[in-house]
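Chains as they are written, first to last, in the numbering used here: chain A, 1 to 238; chain B, 1 to 238; chain C, 1 to 238.
Hints are computed from structural coordinates only; laboratory data are not their basis. Keep in mind it's a predicted model, so treat the numbers as computed, not measured. Careful, some of the hints might be misleading.
Unchecked claim - Derived BS3-like pairs (lysine-lysine); straight-line CA-CA distance at most 30 angstroms:
{"no.": "1", "chain 1": "C", "residue 1": "228", "chain 2": "A", "residue 2": "220"}
{"no.": "2", "chain 1": "A", "residue 1": "85", "chain 2": "C", "residue 2": "85"}
{"no.": "3", "chain 1": "B", "residue 1": "220", "chain 2": "B", "residue 2": "85"}
{"no.": "4", "chain 1": "C", "residue 1": "43", "chain 2": "A", "residue 2": "85"}
{"no.": "5", "chain 1": "C", "residue 1": "43", "chain 2": "A", "residue 2": "220"}
{"no.": "6", "chain 1": "B", "residue 1": "69", "chain 2": "B", "residue 2": "44"}
{"no.": "7", "chain 1": "C", "residue 1": "44", "chain 2": "C", "residue 2": "69"}
{"no.": "8", "chain 1": "B", "residue 1": "228", "chain 2": "C", "residue 2": "85"}
{"no.": "9", "chain 1": "C", "residue 1": "44", "chain 2": "C", "residue 2": "152"}
{"no.": "10", "chain 1": "A", "residue 1": "85", "chain 2": "A", "residue 2": "174"}
{"no.": "11", "chain 1": "C", "residue 1": "152", "chain 2": "C", "residue 2": "174"}
{"no.": "12", "chain 1": "A", "residue 1": "85", "chain 2": "A", "residue 2": "228"}
{"no.": "13", "chain 1": "A", "residue 1": "228", "chain 2": "A", "residue 2": "152"}
{"no.": "14", "chain 1": "A", "residue 1": "228", "chain 2": "C", "residue 2": "152"}
{"no.": "15", "chain 1": "A", "residue 1": "220", "chain 2": "A", "residue 2": "174"}
{"no.": "16", "chain 1": "B", "residue 1": "43", "chain 2": "A", "residue 2": "85"}
{"no.": "17", "chain 1": "B", "residue 1": "152", "chain 2": "A", "residue 2": "85"}
{"no.": "18", "chain 1": "A", "residue 1": "152", "chain 2": "A", "residue 2": "174"}
{"no.": "19", "chain 1": "A", "residue 1": "152", "chain 2": "A", "residue 2": "44"}
{"no.": "20", "chain 1": "C", "residue 1": "220", "chain 2": "C", "residue 2": "174"}
{"no.": "21", "chain 1": "B", "residue 1": "220", "chain 2": "B", "residue 2": "43"}
{"no.": "22", "chain 1": "A", "residue 1": "44", "chain 2": "B", "residue 2": "44"}
{"no.": "23", "chain 1": "B", "residue 1": "174", "chain 2": "A", "residue 2": "43"}
{"no.": "24", "chain 1": "C", "residue 1": "220", "chain 2": "C", "residue 2": "85"}
{"no.": "25", "chain 1": "C", "residue 1": "85", "chain 2": "C", "residue 2": "228"}
{"no.": "26", "chain 1": "C", "residue 1": "220", "chain 2": "B", "residue 2": "44"}
{"no.": "27", "chain 1": "B", "residue 1": "85", "chain 2": "C", "residue 2": "69"}
{"no.": "28", "chain 1": "B", "residue 1": "174", "chain 2": "B", "residue 2": "152"}
{"no.": "29", "chain 1": "B", "residue 1": "85", "chain 2": "B", "residue 2": "228"}
{"no.": "30", "chain 1": "B", "residue 1": "220", "chain 2": "A", "residue 2": "44"}
{"no.": "31", "chain 1": "A", "residue 1": "220", "chain 2": "C", "residue 2": "85"}
{"no.": "32", "chain 1": "A", "residue 1": "85", "chain 2": "B", "residue 2": "85"}
{"no.": "33", "chain 1": "C", "residue 1": "220", "chain 2": "B", "residue 2": "85"}
{"no.": "34", "chain 1": "B", "residue 1": "220", "chain 2": "B", "residue 2": "174"}
{"no.": "35", "chain 1": "C", "residue 1": "174", "chain 2": "A", "residue 2": "174"}
{"no.": "36", "chain 1": "A", "residue 1": "228", "chain 2": "B", "residue 2": "85"}
{"no.": "37", "chain 1": "B", "residue 1": "43", "chain 2": "C", "residue 2": "174"}
{"no.": "38", "chain 1": "A", "residue 1": "43", "chain 2": "A", "residue 2": "69"}
{"no.": "39", "chain 1": "B", "residue 1": "44", "chain 2": "C", "residue 2": "85"}
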Amino acid sequence: MDNFLNSTSVVPEFVGASQIGDTIGMCIPSVDAILLDHLHVSKKFTVLGVLSSRTGAGPQIMAMDEAVKATNTEVIDVEWPRDTKGGAGHGVLLLIGGYDPSDVRSAIQVALDNLSRTFGDVYNSAAGHLELQFTARAAGAVHMAFGAPEGKAYGLICGAPSGIGVVMADTAIKTAGVDVLSFASPSHGTSFSNEGTVHISGDSGAVRQAVIAGREVGLKLLAQLGEKPVNDFPSYIR
Amino acid sequence: MDNFLNSTSVVPEFVGASQIGDTIGMCIPSVDAILLDHLHVSKKFTVLGVLSSRTGAGPQIMAMDEAVKATNTEVIDVEWPRDTKGGAGHGVLLLIGGYDPSDVRSAIQVALDNLSRTFGDVYNSAAGHLELQFTARAAGAVHMAFGAPEGKAYGLICGAPSGIGVVMADTAIKTAGVDVLSFASPSHGTSFSNEGTVHISGDSGAVRQAVIAGREVGLKLLAQLGEKPVNDFPSYIR
Amino acid sequence: MDNFLNSTSVVPEFVGASQIGDTIGMCIPSVDAILLDHLHVSKKFTVLGVLSSRTGAGPQIMAMDEAVKATNTEVIDVEWPRDTKGGAGHGVLLLIGGYDPSDVRSAIQVALDNLSRTFGDVYNSAAGHLELQFTARAAGAVHMAFGAPEGKAYGLICGAPSGIGVVMADTAIKTAGVDVLSFASPSHGTSFSNEGTVHISGDSGAVRQAVIAGREVGLKLLAQLGEKPVNDFPSYIR
Numbered sequence: 001m002d003n004f005l006n007s008t009s010v011v012p013e014f015v016g017a018s019q020i021g022d023t024i025g026m027c028i029p030s031v032d033a034i035l036l037d038h039l040h041v042s043k044k045f046t047v048l049g050v051l052s053s054r055t056g057a058g059p060q061i062m063a064m065d066e067a068v069k070a071t072n073t074e075v076i077d078v079e080w081p082r083d084t085k086g087g088a089g090h091g092v093l094l095l096i097g098g099y100d101p102s103d104v105r106s107a108i109q110v111a112l113d114n115l116s117r118t119f120g121d122v123y124n125s126a127a128g129h130l131e132l133q134f135t136a137r138a139a140g141a142v143h144m145a146f147g148a149p150e151g152k153a154y155g156l157i158c159g160a161p162s163g164i165g166v167v168m169a170d171t172a173i174k175t176a177g178v179d180v181l182s183f184a185s186p187s188h189g190t191s192f193s194n195e196g197t198v199h200i201s202g203d204s205g206a207v208r209q210a211v212i213a214g215r216e217v218g219l220k221l222l223a224q225l226g227e228k229p230v231n232d233f234p235s236y237i238r
Numbered sequence: 001m002d003n004f005l006n007s008t009s010v011v012p013e014f015v016g017a018s019q020i021g022d023t024i025g026m027c028i029p030s031v032d033a034i035l036l037d038h039l040h041v042s043k044k045f046t047v048l049g050v051l052s053s054r055t056g057a058g059p060q061i062m063a064m065d066e067a068v069k070a071t072n073t074e075v076i077d078v079e080w081p082r083d084t085k086g087g088a089g090h091g092v093l094l095l096i097g098g099y100d101p102s103d104v105r106s107a108i109q110v111a112l113d114n115l116s117r118t119f120g121d122v123y124n125s126a127a128g129h130l131e132l133q134f135t136a137r138a139a140g141a142v143h144m145a146f147g148a149p150e151g152k153a154y155g156l157i158c159g160a161p162s163g164i165g166v167v168m169a170d171t172a173i174k175t176a177g178v179d180v181l182s183f184a185s186p187s188h189g190t191s192f193s194n195e196g197t198v199h200i201s202g203d204s205g206a207v208r209q210a211v212i213a214g215r216e217v218g219l220k221l222l223a224q225l226g227e228k229p230v231n232d233f234p235s236y237i238r
Numbered sequence: 001m002d003n004f005l006n007s008t009s010v011v012p013e014f015v016g017a018s019q020i021g022d023t024i025g026m027c028i029p030s031v032d033a034i035l036l037d038h039l040h041v042s043k044k045f046t047v048l049g050v051l052s053s054r055t056g057a058g059p060q061i062m063a064m065d066e067a068v069k070a071t072n073t074e075v076i077d078v079e080w081p082r083d084t085k086g087g088a089g090h091g092v093l094l095l096i097g098g099y100d101p102s103d104v105r106s107a108i109q110v111a112l113d114n115l116s117r118t119f120g121d122v123y124n125s126a127a128g129h130l131e132l133q134f135t136a137r138a139a140g141a142v143h144m145a146f147g148a149p150e151g152k153a154y155g156l157i158c159g160a161p162s163g164i165g166v167v168m169a170d171t172a173i174k175t176a177g178v179d180v181l182s183f184a185s186p187s188h189g190t191s192f193s194n195e196g197t198v199h200i201s202g203d204s205g206a207v208r209q210a211v212i213a214g215r216e217v218g219l220k221l222l223a224q225l226g227e228k229p230v231n232d233f234p235s236y237i238r
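For reference, chain A alone in the conformation it holds in the complex:
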């Protein structure tokens, strides 16, 4: 499972697509002014990048975080469909803006290329899923999506069904001294997904330690609902 098409010949806006999360990347070099007025963007750019998926918000946001670090682009909208094709979580719609179409296309491509890494700590079973994310230095995508302070370490600890996320959060926070940014649950801070997610920030070592501790208890709990959860790509958080 990997990027299966990167043809740019279909339509000029197409950048690339990936089977991972059914993710498609596009670039509009000069967006229609009336459409731009109807979009919910934090800042108006005429060069627009679009990253859109059925499954996974966190992985695409983390992938985009690397992309905006590497290019002269900004995340201007993060939207949260309740999707995952019948699963318990979200898809995502990410809009980015830039001054040059080649920058924006490049950012979208970087994000697509990062998906096999950022899906590394997504663990699925028939009953639910876990998601863990970590970055030593949060940038604009993680800031806009999760309220994380830019430049500091950030961690995401998520379990579904959502109650598993409550216990994962408790274990994670008790493990290391970290700042709790928020706890998202089905009726608060999600699009009614069945996820419990704690967002943490702080010292890089502490955040990583907390994420790993949350993962450990989450894997054991989710396994109680049947099969052992498995990741489709190698774990990147060690």
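On the provided structure of chain A, position chains B and C as indicated by the hints.
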């Protein structure tokens, strides 16, 4: 695939059902007054029609638009479940009111009969879907559901995952001079569906041209996520 | 289909799990104070119980209602993911509080044990589902979740797709003199589920009669969308 049951012998309220979108039509000749107080209707009628589906809001709304044109009935509620049985879109709950049960039953039947037409430009693939709708003259259902001016042409251009809808909207609006009513996206104007949808109004020829242009780019983009999207019924927008 | 694991050896927080609705029960003996501040609980307890499912909110809430009657615990949060693994309804996240971990573990276990009863009047087909619930004496879970007066009889009458619930509600209310607490529909009082649900209260005999009447018409209507709906466990409402 078509209407498989139109028996009225089951319960008096039953009007008809269709496999298309798992749609059921009913009529309550004299609704309980206390229940009516608890419903969220724009106008209180005692004769109530109900059209309810698992998959597809747009097609049922367009079908009901024809039904209210043909009968002495009014749409009094449009509700948007996040459904499609694991897909990226909505189902719908439509309530209509009338003065005579036979009018209301007739309206519900007209709507059910129109579904094979209004599903004609719904294109599905494993990764997502597209929906296109067009009417030369919007009536009460389209007005209440989408804010379209009655009596004018109306078009709906929708893609899922939602980012595809952004590019479809941009292409459509650039193609012809139309009024943009709104752009609905996962976190704005939907029930967290994974759809990007532009609603347009204006001159009949221009709206039709814009819809067709949006469809063309949408079919190419969605095909990049794997298989070619297909419609289950013949396209009606030419 | 029944509880398949009740091992407590996995992690200390684990109480039990059930295949029924993919439901997991846990207990945190001393919740982290910062996490507690970020949870949305009506009252702060340090001993926390968690019941979390992918499918079914009503059955878990009714099961928890029995559990809080039987133990010194309180329901402090009810949250509504839009789930059921691609179905038309909700999952649930229930948090309870207590003064003693053994009380809380016992309450969670009682709730898990009640699931095969409270799923008795959940009827599924490929097109949708029905749910009926009844208690002669509502307690804290039903009160917090549905606004039912404690100590009085309570009934829940739900159909999906949601239009079926409208007709079920009309029939039920006309059958017996009951108080209508609320009518929940896709855009009002649900997490965009495709359910129409009337919540009723009053005299025990009247509530039961109304629930049974709603069930009868619901079974006939849902059957019109294809196959006869079936329950996985014996009906408990007679």
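- Query: So which of those numbered hints doesn't the model satisfy?
  - Reply: 1, 4, 10, 13, 14, 16, 17, 21, 22, 27, 35, 39
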